[in-house]
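Those sequence lines, one after another, are chains A and B. Numbering (the working numbering) for the first sequence: 10 to 122. Numbering (the working numbering) for the second sequence: 4 to 113.
Keep in mind that the hints were calculated from the coordinates and are not lab data. Misleading hints may appear alongside valid ones.
Quick partial rundown of chain B residues pointing at chain A, CB under 10 Å, derived from the structure [said to hold, decoys possible]:
#1 Gln9
#2 Met51
#3 Thr53
#4 Gly56
#5 Leu91
Below are the PhoX-like pairs computed for lysine-lysine, each with C-alpha atoms no more than 20 Å apart in a straight line [to be verified]:
#6 A:Lys66 <-> B:Lys6
#7 B:Lys60 <-> B:Lys44
#8 B:Lys60 <-> B:Lys40
#9 A:Lys18 <-> B:Lys6
Note that CB positions come from ideal geometry on N, CA and C, so glycine has one too.
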Amino acid sequence: DSGVTQTPKHLITATGQRVTLRCSPRSGDLSVYWYQQSLDQGLQFLIQYYNGEERAKGNILERFSAQQFPDLHSELNLSSLELGDSALYFCASSVWGTNSPLHFGNGTRLTVT
Amino acid sequence: EDKVVQSPLSLVVHEGDTVTLNCSYEVTNFRSLLWYKQEKKAPTFLFMLTSSGIEKKSGRLSSILDKKELFSILNITATQTGDSAVYLCAFTSGTYKYIFGTGTRLKVLA
């Protein structure tokens with residue numbers, strides 16, 4: 010168990026809808042990362058937060074947004090969903106910066122029908 | 004553009020075999036290289052390497068980094084069916100970036 014908690018485990022929704030994915034980092038970790046993994050694809054970096062502030066953005070669509078709250082949990086909001094958004098979404102946390110490894114949650118599997 | 008390439012893409016071996024997985028990278032402001040094992044769900048952390056030429060070991064797994072030639076290898080000796088997974092290589096760049104390769108899918112047959 011990595012200590013990173015993601016909810017829900019599964020989401021099935023229709024095109025055009027909006028969903029929210031939630032992540033609680035490991036105790037003591039200040040940095041939260043979101044990744045998307047499509048079938049047989051690598052981990053695509055979406056966005057990173059450190060202690061409540063956005064620090065880096067990857068290939069995140071404008072329809073997607075995220076935030077990190079004062080208690081350090083993070084939410085990823087996906088709106089106007091399309092079939093191609095179906096994927097496994099991972100949250101990962103680290104103490105700070107790149108001097109420590111990322112620890113991943115078990116992911117949220119999103120299916121858009 | 005920063006990138007990491009893993010090879011082979013997939014590998015099938017028999018229990019007891021030794022395998023070597025490769026990871027090469029091109030990155031500005033390199034900090035470290037990491038290996039992860041991904042079975043059905045979350046990638047789990049294996050190794051983090053920052054210094055060239057120093058081998059890290061954990062049981063039957065070991066890894067080494069060559070910063071001059073820009074690559075790393077992950078060795079697994081005496082493979083077991085439980086080693087079947089996708090092995091991901093990642094490097095860190097600067098303060099915040101973790102860039103992952105697409106992985107090597109290893110299948111170990113009994």
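Hint-by-hint comparison with the structure:
| no. | hint | verdict |
| --- | --- | --- |
| 1 | Gln9 | holds, 9 Å |
| 2 | Met51 | holds, 5 Å |
| 3 | Thr53 | holds, 9 Å |
| 4 | Gly56 | violated, 20 Å |
| 5 | Leu91 | holds, 7 Å |
| 6 | A:Lys66 <-> B:Lys6 | holds, 16 Å |
| 7 | B:Lys60 <-> B:Lys44 | violated, 24 Å |
| 8 | B:Lys60 <-> B:Lys40 | holds, 15 Å |
| 9 | A:Lys18 <-> B:Lys6 | violated, 30 Å |
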